[in-house]
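Participant: Listed here are the chains, written in short residue letters.
Protein chains: 4
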Amino acid sequence: MTSQLILDKVSAIFSEQLPFHRHLGLKVVRYDTEGVEVAIDMADHLIGNVHQQILHGGVTATLLDVTGGLTAFAGVVAREVDPGIELLQQKLPKLGTIDLRVDYLRPGRGQRFIATGTIIRTGNKVAVCRMELHNEEGSHIAFGTGTYLVG
Amino acid sequence: MTSQLILDKVSAIFSEQLPFHRHLGLKVVRYDTEGVEVAIDMADHLIGNVHQQILHGGVTATLLDVTGGLTAFAGVVAREVDPGIELLQQKLPKLGTIDLRVDYLRPGRGQRFIATGTIIRTGNKVAVCRMELHNEEGSHIAFGTGTYLVG
Amino acid sequence: MTSQLILDKVSAIFSEQLPFHRHLGLKVVRYDTEGVEVAIDMADHLIGNVHQQILHGGVTATLLDVTGGLTAFAGVVAREVDPGIELLQQKLPKLGTIDLRVDYLRPGRGQRFIATGTIIRTGNKVAVCRMELHNEEGSHIAFGTGTYLVG
Amino acid sequence: MTSQLILDKVSAIFSEQLPFHRHLGLKVVRYDTEGVEVAIDMADHLIGNVHQQILHGGVTATLLDVTGGLTAFAGVVAREVDPGIELLQQKLPKLGTIDLRVDYLRPGRGQRFIATGTIIRTGNKVAVCRMELHNEEGSHIAFGTGTYLVG
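Residue numbers (UniProt numbering), protein chains in the order written: chain A, 1 to 151; chain B, 1 to 151; chain C, 1 to 151; chain D, 1 to 151.
Be aware that one or more of the hints could be misleading.
[As the list claims (entries may be wrong)] Taking lysine-lysine pairs in the DSSO-like style, the calculated list, with each CA pair at most 27 Å apart, reads:
id : chain 1 : residue 1 : chain 2 : residue 2
1  : A       : 91        : C       : 91
2  : B       : 9         : B       : 27
3  : B       : 94        : D       : 94
4  : A       : 94        : C       : 9
5  : C       : 9         : C       : 94
6  : B       : 125       : D       : 27
7  : C       : 94        : A       : 91
8  : D       : 125       : B       : 94
9  : C       : 91        : A       : 125
10 : D       : 27        : B       : 91
11 : B       : 94        : D       : 91
12 : B       : 125       : D       : 91
13 : D       : 9         : B       : 91
14 : A       : 94        : C       : 125
15 : C       : 125       : A       : 91
16 : B       : 94        : B       : 9
17 : C       : 125       : A       : 125
18 : D       : 91        : B       : 91
19 : A       : 125       : C       : 27
20 : A       : 94        : C       : 91
[What the hints assert, rightly or not] Here's a subset of chain D near chain A, in silico, CB distances under 8 Å, partners left out:
id : residue
21 : 101
22 : 103
23 : 109
24 : 119
25 : 120
26 : 143
27 : 145
In short, the hints are calculated from the structure, not lab data.
Glycine is no exception: its CB is placed at the ideal position from the N, C-alpha and C atoms.
Pulled out of the complex, with its shape left as it was, chain A reads as follows (with noise of 0.2 Å):
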């Protein structure tokens, strides 16, 4: 099974199946090797101010942490010399976020939100990432920082 195969299987899974993620209409629309993409469509259910129809910063911290743990899962991914289905039951049960930081830097202004994200710490036990949110025209909209258990 090629790593690919494995991050496709995550993406479905976070796209499609967790509740949550559903509820919100989050999208993971790039998971590879090289990098990660989870997006938003702009809609009436995640204002968080009425008069000035931004993002709520839940939605925010939402997206960056979702970013983060798929980030940190694609590192677990990379690491193993020859990545096979039980990553999927064994590994990605044990994900989970141990604390995360958001900085907000302007009002989340838009029609869609792209997070991306990098790890900046790797091991086989925690991992760091740094993530950041924009809007469809560039607009950098938060930064985001993770410490994820991987193992």
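Please build the complex by placing chains B, C and D on the supplied structure of chain A, with the hints as guidance.
Facilitator: Just chains B, C and D, lined up with the frame of chain A:
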């Protein structure tokens, strides 16, 4: 106008008018000069892990962030000698999260989750709050620390 | 070997052998299964603001980080049924800070600063601790939250 | 008075007058509108681990915090149409760290450590900066994120 009337109005806005709060089912169940409580009842759409039926980490982050913001705003109201309705029009729209840290302590299992907050640094520009999330049995799910722009 | 003997040895290493601790004048003044206290006496070389004679924020961060590490290691010792001297050789060198958050509450004025810590999440790989810094009059200077690799 | 003259004065104060910086040997080696660099040469008194000869995590936190503060203040100067010497008397004393997060990526080994910073959120009250620490070979030791009060 008393401080409590202002807090009651904010509480109503947060529970009934904010689209994202209604979409999740989040309610401000207490809001006075002594404390804040924000609660959510467990529901299928809040689940972040199908096998384990636990609360999504993004819901935890949302509850803590909302609670921190309310805690910071209660501090703004408490600083006013003669608080008036203009606080809602002038100060509430300026309330914003600068940064948020969430420490996830244990899986979010339970029937109901309650977030509470305390101010740890107060000023006329910035407030820092600490928040906690417990389930209905008092099990401690998460800690939060947030820095808020208040003026 | 009792847990207390191990903690005493760690305390001696931290107070007397670590060059940076000696350079600052930092001392572990209490270290048992009930708690940790790390203290420093105000001195000219610790000042970060010439006009106001206040403690440099880097000293605050140092005190909180050291206290968090000691708190996490006390948790490691407490988890052992029959703790032995090998903990010092095998576990202590593996102790490391993954991330640290410091919340500065008020200027570091005082004659003596005392840091204390509590474990909020414990495991066989990672521990999360909360720390506080007070001056000799009990004025609360700073909060800290640290995530530590413990195994 | 030009912005650069103001930054030069701040640089001199930070390198030569602040007691804690002199005690450690910390120097501002670059400070202009394009960037900040704070450096320290490895020395026995900065060691936090006798066996491994690595930089104490408190030194890392100090370097990142100082660099973030300087980065935030450069932002203050850059916002002024006609910056004058009064910035040093009125704005510099108000500069303070609200919170700091440090992510320790790898052990602090090296001969010289250099911290750099970037503003990610700017305003007339609060600035948020990201900082990095590298050794002389370009190895990435730590990341930092700090929120600063600037007015």
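Participant: Please go over all the hints and tell whether each is borne out by the structure.
Facilitator: Now for the hints, and whether the structure bears them out:
no. : hint           : in the structure
1   : A/91 to C/91   : holds (25 Å)
2   : B/9 to B/27    : holds (13 Å)
3   : B/94 to D/94   : holds (22 Å)
4   : A/94 to C/9    : violated (35 Å)
5   : C/9 to C/94    : holds (16 Å)
6   : B/125 to D/27  : violated (31 Å)
7   : C/94 to A/91   : holds (23 Å)
8   : D/125 to B/94  : holds (13 Å)
9   : C/91 to A/125  : holds (15 Å)
10  : D/27 to B/91   : violated (42 Å)
11  : B/94 to D/91   : holds (23 Å)
12  : B/125 to D/91  : holds (15 Å)
13  : D/9 to B/91    : violated (37 Å)
14  : A/94 to C/125  : holds (13 Å)
15  : C/125 to A/91  : holds (15 Å)
16  : B/94 to B/9    : holds (16 Å)
17  : C/125 to A/125 : holds (7 Å)
18  : D/91 to B/91   : holds (25 Å)
19  : A/125 to C/27  : violated (31 Å)
20  : A/94 to C/91   : holds (23 Å)
21  : 101            : holds (5 Å)
22  : 103            : holds (5 Å)
23  : 109            : violated (16 Å)
24  : 119            : violated (10 Å)
25  : 120            : holds (6 Å)
26  : 143            : holds (6 Å)
27  : 145            : holds (6 Å)
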